[in-house]
Amino acid sequence: MGATLQAAAALARREWSSTLRQPAEWLTPLGFVVGVAAMFPIGLGPEPARLRELAPGLLWIAALLASLLALPRLFAPDLADGSLEQWWLAPLPRPLAVALKLAVHWALGSLPLVLVTPLLALGFGIENPTPLALSLLLGTPALALLGGLGAALVLHARAGAGLLALLLLPLEVPVLVFGTAAAQGGANAQTALLLLGAWLAVLLALAPWATSAALSLMLD
Amino acid sequence: MSLALASLSAPPVLILQRVGQSRGARPLFEEVDLALHPGQLLWVQGANGSGKTSLLRLICGLSAPRVGRVHVERELLYIGHRPGLKDVLSVIEQLRSSAALAGRPCTEGQALAALAPVGLDDAAGLRLAQLSEGQRRRVALAQLWLPRVAPLWVLDEPLAALDAAMADRIAQRLDRHADEGGSVVFTSHQPLPMKRPVRSLHLGRP
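For the record, the sequence lines run as chains A and B.
Numbering of the first sequence is given in numbering that gives the first Met the number 0, commencing with residue 0 and proceeding in unit increments.
Numbering of the second sequence is given in numbering that gives the first Met the number 0, commencing with residue 0 and proceeding in unit increments.
Hints listed in this document are in silico derivations from the structure and should not be mistaken for laboratory results.
One thing to keep in mind: the hints can contain errors.
Said to hold, decoys possible - Quick look at which bits of chain B chain A covers, simulated, 3 or more residues with Cβ under 8 Å:
{"hint": "1", "segment": "60–73"}
{"hint": "2", "segment": "78–89"}
Unchecked claim - So these bits of chain B aren't anywhere near chain A, every CB distance computed over 10 Å:
{"hint": "3", "residue": "R17"}
{"hint": "4", "residue": "L41"}
{"hint": "5", "residue": "A101"}
{"hint": "6", "residue": "G124"}
{"hint": "7", "residue": "R168"}
{"hint": "8", "residue": "P196"}
{"hint": "9", "residue": "S199"}
These numbers were taken from a predicted model, which means no experiment stands behind them.
Glycine included, each C-beta is placed from N, C-alpha and C at the ideal position.
Pulled out of the complex, with its shape left as it was, chain A reads as follows (with noise of 0.2 Å):
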């Protein structure tokens, strides 16, 4: 158990540290977040009616896209560099450092736009941010999730990311549903948060299992 609980620290420490080291692996998804809803005045006309109407479902959609953004170097460079093979013989559940890894990756590419959205939802007139940062808060680990589970699978195709997205893009439409809801306030959102909630729980359960026998089969 304590050497679980020392590998586990470790591969923790060493993926923060690795990936807070390359600002452009976790600073995209924040800055496409935010020049997209630059943009959404632009497009859309700068009517405060309209664009306080629209910002929750276009705020997700950009999240949503934006956590595709990382998805193709999710896995590939630990399979190049070796890592993924120290990982597998590390004494540690392969599920295990595979959520590991995804929760590093939310921490340091997701949570911040969870943290930023509400201020840029605050500037599209929207007087009660909170049930947007609370789906957002909710929905981007079910998407890391996928994402996991979706880069593990491509990581030998050659068009890995436009692969990625087609594959992706049909099974994150029940959180981007359950997202949008709950983030629109009104009579559903509470709902639509719990149902949020179940979706993530289901994703917690299987989705590490997945990935790990997906790169197995990878790295065999």
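Position chain B against the provided structure of chain A, taking the given hints into account.
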């Protein structure tokens, strides 16, 4: 293809029984039988593409044999062609991180002591991106000098990109590990200057 089983008192740390592997439809090797005991060194030889790395990966459990059985009794340390080096980490961070990931964390002092035999103690703070290929190889091999290292070492081309003096030092370290009851399986295209007898296994056509 078979190696005579050594009649040693200690039970083997590694057993291969009628192991065969292929890459796609192409068979790499068939009927490999082997028992490696504590204190033994095994040199896996063969031409490029004969399946040396594939055999090491089977031993490590990174892939499954097409036929046969692989049984590893003890914990192992695997240093492959690509040993998980991260360009953005410093030499000492990389070494300590590799040790901790293997469940055997070491102190900064122990890591520095392990870097000295590979001549990198004065480069401990450098990032791996700043090192040459040979120096990067040395960072990976510095794990062999860490305390509490695993008893079975599986090394893929440990001498690749190393100079003659460093190759001698690696050979001495492998000798000492075997003297202490450890076992080593390694591939190499050149003989290692070891003092202890080395068993060998030829894959493919001799």
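Tested hints:
1. For a cut-off of 8 Å, the count of residues in the segment 60–73 of chain B with a CB near a CB of chain A stands at 4, and the three-residue condition holds.
2. Proximity of the segment 78–89 of chain B to chain A, defined as three or more residues with a beta carbon under 8 Å from a beta carbon of that chain, is established by the 9 residues found.
3. No Cβ of chain A comes within 10 Å of the Cβ of R17(B); the nearest lies about 20 Å off, and the non-interface call holds.
4. No Cβ of chain A approaches the Cβ of L41(B) within 10 Å, the least distance being about 19 Å, so the stated non-interface status holds.
5. Taking the minimum C-beta to C-beta distance to chain A, about 6 Å, the non-interface status of A101(B) is violated against the 10 Å cut.
6. No beta-carbon of chain A comes within 10 Å of the beta-carbon of G124(B); the shortest separation is about 14 Å.
7. For R168(B), the requirement that its beta carbon stay farther than 10 Å from each beta carbon of chain A is met, with the minimum near 23 Å.
8. Annotated as non-interface, P196(B) keeps its C-beta farther than 10 Å from every C-beta of chain A; the closest such distance is 28 Å.
9. For S199(B), the requirement that its beta carbon stay farther than 10 Å from each beta carbon of chain A is met, with the minimum near 25 Å.
The structure shown violates just one earlier hint, number 5.
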